[in-house]
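Following the hints, position chain U against chain X.
Protein chains: 2
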Amino acid sequence: MKFSNYFLKTSKTTAGDDKSVSAKLLKQGGFISESVAGRYYFLPIGHRVQQKIMAIIKEEMDAAEYQEMTTPILHPLELWKETNRTNTTGFELMKIKDRRDVEFVLGGTAEEMFVDLVRQYKSSYRDLPFHLYQFSPKFRDELRARGGLLRVREFIMKDGYSFHKDEEDFKIEYKKMKKVYSKIFKRLGLKTEIAESDNGYIGGEYCHEFIVESDFGESKYFVTKNGDYASHEDVTVFQKEIKNKDEKQKPLVEVQVERGVTMEDGVKFHKLPLWQQIKDVLFMDNNGRFILAIIRGDLDVNETKLLHLIKAVSLRHARDEEIREKLRSEAGFISPVKIKNNLDKNVELIIVADDSLRTIANGYGGSNKKNIDLMNINIDRDYQPDIEGDIALAKTGYDAQNGMGKLIEKRGIEVGNIFQLGYHYSNLMKGATFVDSDGKEKPFYMGCYGIGIGRTMAAIVEIHHDEKGIIWPREITPFAVHLLSINSQQLTINNKIKKEVNKIYKDLQKNNLDVLYDDRNDVRPGEKFADADLIGIPYRIVISEKTLEQNCVEIKKRGEEKVELVKIENLLQFLELNLKN
Amino acid sequence: MKFSNYFLKTSKTTAGDDKSVSAKLLKQGGFISESVAGRYYFLPIGHRVQQKIMAIIKEEMDAAEYQEMTTPILHPLELWKETNRTNTTGFELMKIKDRRDVEFVLGGTAEEMFVDLVRQYKSSYRDLPFHLYQFSPKFRDELRARGGLLRVREFIMKDGYSFHKDEEDFKIEYKKMKKVYSKIFKRLGLKTEIAESDNGYIGGEYCHEFIVESDFGESKYFVTKNGDYASHEDVTVFQKEIKNKDEKQKPLVEVQVERGVTMEDGVKFHKLPLWQQIKDVLFMDNNGRFILAIIRGDLDVNETKLLHLIKAVSLRHARDEEIREKLRSEAGFISPVKIKNNLDKNVELIIVADDSLRTIANGYGGSNKKNIDLMNINIDRDYQPDIEGDIALAKTGYDAQNGMGKLIEKRGIEVGNIFQLGYHYSNLMKGATFVDSDGKEKPFYMGCYGIGIGRTMAAIVEIHHDEKGIIWPREITPFAVHLLSINSQQLTINNKIKKEVNKIYKDLQKNNLDVLYDDRNDVRPGEKFADADLIGIPYRIVISEKTLEQNCVEIKKRGEEKVELVKIENLLQFLELNLKN
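Chains as they are written, first to last, in the working numbering: chain X, 364 to 944; chain U, 364 to 944.
One chain only, chain X, in its complex shape (with noise of 0.2 Å):
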């Protein structure tokens, strides 16, 4: 491809303030360009790269014998209200209706489709497992899109569905899925770790991330320095040590105090340990509860553990007079003690304890009652919680369990995810069965498998770059040389030149190489060579009429200093040596 009719702008600024590398890259180097926040064009360097990555997971998908098909985009909004997924997903969902007012929901996924059509044939025991993919356009209708690619409101995904007999069958994939994405991401030029995760909306009992780390990665994740255990804080377990949880159990009793109403307040007045106090964070969820979070002293609730203990879709804090005039209690002084006596009456409040509070006897807190206390509060005796779990956020430092080590804190980009999903949908969805080899009809038994493509793009450029600019991975790079034709006299470039770089750049595309050809006749070699840098193409090769007085090029490899000069006749030879390794 020639620059000149190349539809490519490079620029040395970007209007927004990009605090992420790969979107002040991406955006610089002609690859995208922003539409409406979160909404993108992919320019034709950047689609070339969205399509190479498309094309070694299809190469991957295709290998392990999954097949690829394309479901509508609009799915019907009756399936997400078979799955009940229209309450549990919150805003991000985008609704539409068509002119006979049927309603359609623009899929953030698209379980409900795949079991949709698959539920239209009569499937056997014969037909199992089956995977079905598709690369499609997903819809996220986030609050905030940030980071370029990294967060966005519209992009592609290459998302799978896979239906099985049983939990055995799909174990079986589970852990080839493992394999099949990190051979994938692998072939990308990223490096990830496998993280057990938070399902979200999808639903199910378990599922891991394909982590890329990076600090400017939302995910936060926790990993043993053996490597033995990664997980996102939302799914981290950690030991919680025993504390005076044999100690003999005292009375119950009421003190004045004079404090604050901050946790050290508590700390400072009573002269007593952190973890003995009792922690109480008052929420009120997206079905107008209040949930009452009580944790160890020295523990913090992490919400979305909450969310999934209550069954909720979002949390916020309770506000003070909400406290006071609702529930009868006093900001910085909440306890579970006695607090269901004095409700509302319309009041619904659901006490949720953290398991750390069994490490403990004779916690202290508030009373429910200004400038009063509780001592010597004890589980069971003296409150009954409607939910007990794990509630708790992972801090670095914190023990994992079964002796695997200290947790390690890190952030990362979430490129992957793989799904269980047991009988979640197939129970949901009526006729979602198939027959089974003694006869009878059985629900499927199903996983889920997901990529998102212009993320996984972003975090390649989070990796691959330098000061200069981008530096792309051999198998994904837009194109695989890039030709500069320079004359240090004047701008234009004579016919000399011209002519000697047009034969080379024929070889080359002759050869099956793809040839990214600076043939512009205005522009400065200095910005020829820096918009090499930033567009970040493996080999640049220079040819001037200096060069050309050795029947020489010049080629360096983006990312390396060395500049090497190679006989013409011995250019391809190089090319296709080096850029098989």
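No lab work stands behind these hints, which were simulated from the structure alone.
Any given hint could be a false lead.
[Said to hold, decoys possible] Computed cross-link-like contacts, SDA-like style, restricted to lysine to any residue with a CA-CA straight-line distance of at most 20 Å:
| # | chain 1 | residue 1 | chain 2 | residue 2 |
| --- | --- | --- | --- | --- |
| 1 | U | K460 | X | K421 |
| 2 | U | K773 | U | T759 |
| 3 | X | K421 | U | M417 |
| 4 | U | K485 | X | Y369 |
| 5 | X | K732 | X | D753 |
| 6 | X | K460 | U | N650 |
| 7 | U | K387 | X | Y484 |
Frame of chain X; chain U shown alone:
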């Protein structure tokens, strides 16, 4: 691909009452499946065909140095307001709001998006021309979906947009695009005619349709015998022969009549030629204006032509009571003569005359009063049209213009379009300019070009099939070879056959032949043969105990009767030879 692993479900019937062969065969062959009316799944084998069609289009587009990219699917409504297309597209446009109340359009075409992208960058005359295209989902909120993939509400379109410095340069492109598209359709196995057509809501001054002749097509178009002329009925022009135009004008008189309300009733009563009668058709347009279309009595009105003249989006016939109450006229007796004298104050009436009224003198017709006709009506003297032009419906047997011969009506499927856009979009969208060699900013001169992928697939099946199923053209067949193992004795294929067929299957794959191998164990030979015919892969290879006795396979070309026995050792050579031709 082994049939037993493939998500491929054929059926002997289809649920809907599909009148189109392509809908029936594509559904029965397991290529597509309907989600809701007009929205389709492309199953793995259908997806393969769609991908092959797209690959051919891409090959030819890239060979012409056009550049693929993508735009977001949600188009900001603001852009469509700039070009006023929110008002001109009628009901077909689907709109959606995000959580921040920003409005978007689900694009039917993407002119605004491409112009908006291009105007983000500075372009100079040196950058021109360029031609950008994409494959992307398009949405049309059609009142009625029909014919499987022939008229749908959601489909993939290859849409391209070219930018030029002037009309001269555009004309070169337009000519080139006719060739590119003709070549594409030829490779796809389609013979297309290029007909002048109506530009719908796209804008611009002229455009052409690529039509595949088919009785099931929705496009009615006209050609001349010598092939010099082809045009869609909505733009077909014809010779309106001079009648008694030069006859001396006689005085206008009112006569009492006893007749029905049809044209024939008028002819019978007055014993004058039909062509001398003035035909009045009264409409209301989408802006609430009455439109009186008048035309020579022997001709009919083409509503699309009329819409263009009055610059409106839709029409409906006026109702009798509206004619009486609002226009103070009478159905069956409407006349352009003095009709404006009695109008209700708030009524807007536009009189549109077909130019055929200039070919007659002393016409006759109604008087806006019941049972009174006017005789000797003459244009200009007795009535003054607000708009004059061509609103006449073409019919077989009419004379084409410039002595090209008689018009012949045909029906066909519109598979592609090319549009001159001129300055339509660049004038409406601020900043859609380039800097010309004289240093001045000038608007782009534009064109756009589209191919509907699904409809093209349907057209291919409408043309290439027989009573047993599809007959895929070589370049887009989902597989090159359909391998069948059968056992005349029993359902289960014995191990000897299995081993041999597996060997052949692997051999063919190794030689880069796409093979569908019907390895199903529980299916009778007759059913396998029927499926092979239905699915329509060019070469069917059968291996049975009988053929193995002779070390042979049995080869049959789809669509031909001849069955050949070919030695296994010669199979590859046979296929390579035949698949090349």
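Do the hints match the structure? See the list:
Of the supplied pair hints, the one linking K460 of chain U and K421 of chain X is violated, its CA atoms being roughly 33 Å apart against a limit of 20 Å. A threshold of 20 Å between alpha carbons decides the hint, and for K773 of chain U with T759 of chain U the separation of about 9 Å falls inside it, so the pair holds. About 16 Å separates the Cα atoms of K421 of chain X and M417 of chain U, which keeps this hinted pair within 20 Å; it holds. At roughly 14 Å between alpha-carbon atoms, K485 of chain U and Y369 of chain X fall within 20 Å of each other, so this suggested pair holds.
This hinted pair does not check out: K732 of chain X and D753 of chain X have alpha carbons roughly 28 Å apart, beyond 20 Å. For the given pair, K460 of chain X sits about 24 Å from N650 of chain U by alpha-carbon distance, which is inconsistent with the 20 Å threshold. Under the criterion of a C-alpha separation no larger than 20 Å, the hint pairing K387 of chain U with Y484 of chain X is consistent with the structure, at around 16 Å.
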